[in-house]
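In the order they appear, the protein sequences are chains P and D.
In terms of the working numbering, the first sequence opens at residue 237 and continues consecutively.
In terms of the working numbering, the second sequence opens at residue 185 and continues consecutively.
Everything labelled a hint here was simulated from the structure, so no lab data went into it.
Certain hints may be false.
[Stated by the list, open to error] To spell it out: a stretch of chain D is covered by chain P in this simulated footprint if at least three of its residues, at any positions, have a beta carbon under 8 Å from a beta carbon of chain P; those stretches are:
#	stretch
1	185–193
2	225–237
3	277–286
Quick reminder that beta carbons are idealized off the backbone N, C-alpha and C, glycines included.
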Amino acid sequence: MSPPETLPARWQGKTITLAHGAGGRAMRELITELVRPVFENPLLAPLEDQARIDPAVLDGGQLAFTTDSYVVSPLAFAGGDIGRLAVCGTVNDLAVGGARPLYLSCGLILEEGLPLETLFEVLRSMRRAADEASVSIVTGDTKVVGRGSGDQVFINTAGIGAIPPGRATGPAQVRAGDRLVVNGTLGDHGIAVLAARNELALQIPVESDSAPLNGLVEAMFAAAPQLRWLRDATRGGLATIANEFAQEGGFGLLLDELALPVRDPVRGACEILGLDPLYLANEGKLAAIVPAAQCEALLAAMRAHPLGREACAVGEVREASPGRVAVRSRFGGERILDLLLGEQLPRIC
Amino acid sequence: MKFIDEFRDPGHARALVRDIGATLERLGATAERPVQIMEVCGGHTHAIFRYALKDLLPASLEFVHGPGCPVCVLPMGRVDDCIAIARQPGVIFTTFGDAMRVPGSAMSLLQARAEGADVRMVYSPLDALAIARANPGREVVFFGLGFETTMPSTALTVLEAERQGVANFSLFCNHITITPTLRALLDTPDLNIDGFIGPGHVAMVIGSEPFDFIARDYGRPVVVSGFEPNDILQSLWMILRQLERGEAAVESQYARLVRPGGNPAALEAIARVFEAREFFEWRGLGSIDASGVRMREAYARFDAERRFAMPNLAVTDPAECQCGEVLKGLIKPSQCRVFGGRCRPETPLGALMVSSEGACAAYYQYARPDAEAAA
Numbered sequence: 237m238s239p240p241e242t243l244p245a246r247w248q249g250k251t252i253t254l255a256h257g258a259g260g261r262a263m264r265e266l267i268t269e270l271v272r273p274v275f276e277n278p279l280l281a282p283l284e285d286q287a288r289i290d291p292a293v294l295d296g297g298q299l300a301f302t303t304d305s306y307v308v309s310p311l312a313f314a315g316g317d318i319g320r321l322a323v324c325g326t327v328n329d330l331a332v333g334g335a336r337p338l339y340l341s342c343g344l345i346l347e348e349g350l351p352l353e354t355l356f357e358v359l360r361s362m363r364r365a366a367d368e369a370s371v372s373i374v375t376g377d378t379k380v381v382g383r384g385s386g387d388q389v390f391i392n393t394a395g396i397g398a399i400p401p402g403r404a405t406g407p408a409q410v411r412a413g414d415r416l417v418v419n420g421t422l423g424d425h426g427i428a429v430l431a432a433r434n435e436l437a438l439q440i441p442v443e444s445d446s447a448p449l450n451g452l453v454e455a456m457f458a459a460a461p462q463l464r465w466l467r468d469a470t471r472g473g474l475a476t477i478a479n480e481f482a483q484e485g486g487f488g489l490l491l492d493e494l495a496l497p498v499r500d501p502v503r504g505a506c507e508i509l510g511l512d513p514l515y516l517a518n519e520g521k522l523a524a525i526v527p528a529a530q531c532e533a534l535l536a537a538m539r540a541h542p543l544g545r546e547a548c549a550v551g552e553v554r555e556a557s558p559g560r561v562a563v564r565s566r567f568g569g570e571r572i573l574d575l576l577l578g579e580q581l582p583r584i585c
Numbered sequence: 185m186k187f188i189d190e191f192r193d194p195g196h197a198r199a200l201v202r203d204i205g206a207t208l209e210r211l212g213a214t215a216e217r218p219v220q221i222m223e224v225c226g227g228h229t230h231a232i233f234r235y236a237l238k239d240l241l242p243a244s245l246e247f248v249h250g251p252g253c254p255v256c257v258l259p260m261g262r263v264d265d266c267i268a269i270a271r272q273p274g275v276i277f278t279t280f281g282d283a284m285r286v287p288g289s290a291m292s293l294l295q296a297r298a299e300g301a302d303v304r305m306v307y308s309p310l311d312a313l314a315i316a317r318a319n320p321g322r323e324v325v326f327f328g329l330g331f332e333t334t335m336p337s338t339a340l341t342v343l344e345a346e347r348q349g350v351a352n353f354s355l356f357c358n359h360i361t362i363t364p365t366l367r368a369l370l371d372t373p374d375l376n377i378d379g380f381i382g383p384g385h386v387a388m389v390i391g392s393e394p395f396d397f398i399a400r401d402y403g404r405p406v407v408v409s410g411f412e413p414n415d416i417l418q419s420l421w422m423i424l425r426q427l428e429r430g431e432a433a434v435e436s437q438y439a440r441l442v443r444p445g446g447n448p449a450a451l452e453a454i455a456r457v458f459e460a461r462e463f464f465e466w467r468g469l470g471s472i473d474a475s476g477v478r479m480r481e482a483y484a485r486f487d488a489e490r491r492f493a494m495p496n497l498a499v500t501d502p503a504e505c506q507c508g509e510v511l512k513g514l515i516k517p518s519q520c521r522v523f524g525g526r527c528r529p530e531t532p533l534g535a536l537m538v539s540s541e542g543a544c545a546a547y548y549q550y551a552r553p554d555a556e557a558a559a
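From just these sequences and the hints, can you work out the full model?
Dropping the structure here:
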């Protein structure tokens, strides 16, 4: 049975009330008639308090388990919405650990007054992203908070996946001379959300890069089995991930300014607002450290995948300056690329 | 990208660096006795560090980082005033983003917002006026700060508020003006600066002529410069060429934007709304005569200083700060006794550590030696 395309007539024009979170009939109807049909899958169907999973799905691998909460304003933006983020983000947190994502949970915190049309669209978006990632949403929870106590929809998803035997990524594997690669342009998501807030008198033709990366990661492991370390470059952007790598791994990273891929509209917006694209959020980008000898094979495999067409090497691991990330400028000088103190604030002039 | 990449071309940069090096040699400059050039504007400081220009240039040339970062030089007492206004019932306090983190004596605007004040970040003062129109029952205050670069847009917003008859909009005016401060700096006996990179965006508004006194009265070359790396390199070369010829004149490298007489429409708006204050306090430098502006009597109804009660107290800078010596080129940021220790970007003691365009913050962020990173 395929998920419903439109909100059932009896729900149209209605909004979430406190009754939908009270555990009674209203809540049961919401879950059985609205949520379950959208997420439809055999593990969810019995609507028990837990999903029951056969450990054989791990196929001899290690269990990977992660959780993340999603809040974004506005709920929808060019290229995605909170539902898509909530699935892709958790899928990606599993994938960059080398895991094959299997099942997700979905905890919804809804604000009283939320139109059911909006909820339905968020759920459908979650389902589409789950289908793209070949995962199922198998258990969940719904709470309703009074008007003003939330911001329309907050979502928590947890996910489990299986790490196939033999895959071991982490700082211990990294060597000086290894390359740092990314799968495409930086900062698209951050600028797309900024543009969607309508606070800027700027038209910026950029879509969020929100996407599940597990397919790409599989292709990467196939091409470069000795992949050293992967992370997805979400909040804080590539600059933050690079600093995490360097600090947790105790090595230095040197990035090449001219190699860093940034779309022109993102560059333009950053020039005007005084932002640095290296600190902008991404939702479909990963950074990976790979032995230099496997770098070309890895890039070729990434570029053959739809989510890695613009993959490129952007830097190198070095022994010098352990714990520190530097950028080699287009002129050959070096500057430190530090962690941000807090959120990036536009400059005055 | 058009109008950006041309000014960041590595080939042009290398040619300029060669010419700069040759001129420095002819001048007899050495690492021990370098030519010292002050870039007045924080935007230049930021670009110098961001593009690591220092690494390209010989040690016989030193940058001295000037006082032109309006966020840095804002005194703590004025931030306290902002917070006092923002906390009054019914007030929506609007500000540029990077002013939100500037510490007052007790807290920043970011912290005041966390504690319940309605503080909103805007990208233009006109956005603040729009908020005022949308919230007729609230008092909307815009935190105006910056040099002549941002003054015209604030002045035009006040004129627009008058034209539209918006009664619930007012301006907390902290605009400052650079030339009296440069004069005060040039009057310091131990000053160690051979030439100036002039502030391009200020000059776009006021023109290059207001800087004539630096060349005429103090015998130092000034080149008004753009903000791209090759703009700065070209300006350095132009200054060195003047030094080599024994000249001191005001030249403009930023001819694509700057006219000798400035922008008449912008200057007219400024003159209509603002007048000079007798003095204004600068963080790190102290009180400087005629270095700030306030609103004219005719616009008193839009003046937050007259409409709101505020403490209006001066807060002295910590005694251990050496911002003044850094600004005069006597020491480098890292030679300050509190740099990187008690004075860091997350807990700035001195003015120059406050904003990312402050010399010490830029130095800390982009170029601190390895040992300090580990500390």
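Do the hints match the structure? See the list:
| no. | hint | verdict |
| --- | --- | --- |
| 1 | 185–193 | holds (count 3) |
| 2 | 225–237 | holds (count 6) |
| 3 | 277–286 | holds (count 6) |
Against the hints set out earlier in the document, no violation occurs for any number.
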